Amino acid sequence: MANVPDNLHYSKDHEWVRVEGDTAVVGITDHAQEQLGDVVYVELPKTGETFPAHESFGSVESVKAVSEIFTPISGTITEVNDSLNDEPEKVNKDPYGEGWMIKIKMNAAGEVDSLLTAAEYEDFTKAEE
Amino acid sequence: MSAPAVDLKRTPLNEAHRRLGGRMVEFGGWDMPVQYPAGTVNEHVRTRTRAGLFDVSHMGEVDVRGRDAIAFVNRLTSNDVSKLVDGQAQYTALTTPQGTVIDDLLVYRMAEDHLLLVVNAGTTDKDWEWIKSHHAGENIELRNASAEYCQLALQGPEAISILQQLTETNLEEIKYYHFTLGKVDGIDAIISRTGYTGEDGFEVYAAPEKAEQLWNKILDAGNYGTDEGVMPCGLAARNTLRLEAGMALYGHEIDENTTLLEANLGWITKLNKGDFIGREALAKQKEEGIKRKLIGFEVTDRGIARDGQDILVNGERVGRATSGSPAPFLKKNIGMGYVPRELSAVGTAIEIDVRGRMVGAQIVPLPFYKRAK
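Chains C and Y are the protein sequences, given in the same order.
Note that this note's numbering gives residue 31 to position 24 of the first sequence, counting from 1, and the numbers run on in steps of one.
Note that this note's numbering gives residue 100 to position 18 of the second sequence, counting from 1, and the numbers run on in steps of one.
Calculated from the structure, these hints are not laboratory results.
Quantities reported herein were computed from a predicted structural model and do not represent experimental measurements.
Don't be surprised by glycine CBs; every beta carbon is placed ideally from N, CA and C.
It is possible that some hints are incorrect.
[Said to hold, decoys possible] Label pairs and their in silico Cβ distance ranges: (1) C:D13 to Y:A427: 50 to 60 Å; (2) Y:D357 to C:E41: 37 to 47 Å; (3) Y:T430 to C:A134: 33 to 43 Å; (4) C:D89 to Y:A427: 32 to 42 Å; (5) C:T124 to Y:G111: 50 to 60 Å; (6) C:E41 to Y:N354: 45 to 55 Å; (7) Y:R402 to C:E62: 24 to 34 Å; (8) Y:E194 to C:E41: 45 to 55 Å; (9) C:S63 to Y:R92: 32 to 42 Å; (10) Y:D302 to C:N114: 51 to 61 Å; (11) Y:A431 to C:G55: 25 to 35 Å; (12) C:A9 to Y:N354: 54 to 64 Å; (13) C:N114 to Y:Q180: 51 to 61 Å; (14) C:S90 to Y:R402: 29 to 39 Å.
[Unchecked claim] Quick look at which bits of chain C chain Y covers, simulated, 3 or more residues with Cβ under 8 Å: (15) 8-15; (16) 66-75.
With the hints as extra help, turn the sequences into a complete structure.
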């Protein structure tokens with residue numbers, strides 16, 4: 008079973024969000040990396056770029072396929088995980104840790120409340136199967 | 083794990099794949115494993131270095147029997163069936179009158195009056211209709227025998243030592259692209275030294291009810307589960323392996339819009355063998371010269387090219403990628419595609435339009451990977 012930590016927020020596009028003050032850390036879920044298989048390339052935006060919620064901010068490629076990744080909330084990119092350039096496999100090995108993708112300075116802190124809780128996300132992925 | 087949609091076809095190994103944790107996807111109307119828990123990269127590399135086991139039971143078989151079997155198949159395919167001896171297999175293609183490709187296939191000569199055609203899964207029904215429709219009173223019997231066989235492919239440098247444990251047939255004596263009838267774990271089988279990975283290996287055909295026994299015995303003989311043991315491999319690894327080996331995939335490099343000559347398949351196009359469907363068009367194209375050509379490329383920038391993406395030279399859109407993926411053994415991002423012949427020289431700098439981002443690449447020789455003999 009995929010790991011779904013309780014302290015995160017989740018999107019229906021299979022991203023997770025961890026709130027750190029006014030910043031949101033974003034990555035893809037364990038379930039998403041399992042579905043993708045071996046991640047071999049991650050394309051991320053540049054710092055300073057701004058995104059509305061649910062906009063594509065990059066892509067994750069596995070050997071077989073490419074998937075877009077969407078920012079679950081709106082804001083400005085303050086940091087990207089450049090280490091994924093050389094070690095994209097971190098997304099598979101540690102999706103909630105070293106496999107994080109971007110940090111966003113949030114426009115509106117309330118946006119995370121519209122995301123799924125861990126329990127809701129688990130139900131959502133079960134229903135999708 | 084999700085249940086397959088009711089209309090998807092299943093090979094006799096469907097349950098075995100699920101038990102091994104295979105991630106099942108729809109492929110050409112079949113419910114097939116795209117990968118197992120070890121992942122595509124591991125499956126690919128294990129096949130290159132040790133051995134990989136593939137369920138290819140979804141492939142189709144057409145049985146052609148009768149006095150005119152060779153003449154009939156020779157009229158439908160581009161390679162020369164008359165050159166085969168009993169126990170030999172041939173890579174060839176069913177061609178349209180335009181010289182384009184209905185399907186690529188293997189022809190096995192079982193006997194002078196008995197050929198077995200092994201065709202792609204997604205094209206089996208189309209091929210069967212095409213073959214039947216060209217039957218014009220020859221002394222032959224045609225049978226769609228697809229349901230009568232399971233097919234397992236054991237590929238890689240250790241394939242021979244693994245399979246040898248299960249058979250009294252001396253596998254060393256089977257030459258590349260030859261086969262023999264023998265027993266594997268006591269099961270009647272066609273044992274063929276063929277494959278689609280660029281490695282040495284065998285394809286074993288047997289009755290479908292024996293599929294699980296064969297599958298499990300081969301995994302056991304290959305020490306499945308150990309660090310150096312055989313790995314079951316899914317469709318994704320099958321694709322990356324064949325791409326590294328520069329082999330065409332139907333629906334990508336070849337289809338009814340590409341001719342054999344454009345696809346570097348002149349070597350299976352025997353214009354002097356006598357008449358066959360498409361011969362005239364291919365002879366004319368050979369004389370006039372092809373306008374576009376299948377090339378291999380290596381991505382030199384960061385990024386992965388995928389099939390369907392545009393190929394540019396000097397900023398101009400000149401062609402299209404037909405396959406593209408990371409090459410797990412070579413650790414490069416590679417692909418194949420069509421470009422105008424005058425732009426097809428090895429070393430030519432090209433760009434691929436990867437979802438709006440122009441990614442640099444270079445034309446390189448095919449195949450990308452060739453095993454040491």
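Now for the hints, and whether the structure bears them out:
{"no.": "1", "hint": "C:D13 to Y:A427: 50 to 60 Å", "result": "58 Å, holds"}
{"no.": "2", "hint": "Y:D357 to C:E41: 37 to 47 Å", "result": "54 Å, violated"}
{"no.": "3", "hint": "Y:T430 to C:A134: 33 to 43 Å", "result": "50 Å, violated"}
{"no.": "4", "hint": "C:D89 to Y:A427: 32 to 42 Å", "result": "36 Å, holds"}
{"no.": "5", "hint": "C:T124 to Y:G111: 50 to 60 Å", "result": "39 Å, violated"}
{"no.": "6", "hint": "C:E41 to Y:N354: 45 to 55 Å", "result": "54 Å, holds"}
{"no.": "7", "hint": "Y:R402 to C:E62: 24 to 34 Å", "result": "29 Å, holds"}
{"no.": "8", "hint": "Y:E194 to C:E41: 45 to 55 Å", "result": "53 Å, holds"}
{"no.": "9", "hint": "C:S63 to Y:R92: 32 to 42 Å", "result": "36 Å, holds"}
{"no.": "10", "hint": "Y:D302 to C:N114: 51 to 61 Å", "result": "59 Å, holds"}
{"no.": "11", "hint": "Y:A431 to C:G55: 25 to 35 Å", "result": "31 Å, holds"}
{"no.": "12", "hint": "C:A9 to Y:N354: 54 to 64 Å", "result": "59 Å, holds"}
{"no.": "13", "hint": "C:N114 to Y:Q180: 51 to 61 Å", "result": "58 Å, holds"}
{"no.": "14", "hint": "C:S90 to Y:R402: 29 to 39 Å", "result": "34 Å, holds"}
{"no.": "15", "hint": "8-15", "result": "violated (count 0)"}
{"no.": "16", "hint": "66-75", "result": "holds (count 6)"}
Of the numbered hints stated above, those contradicted by the structure are hints 2, 3, 5, 15, listed in ascending order.
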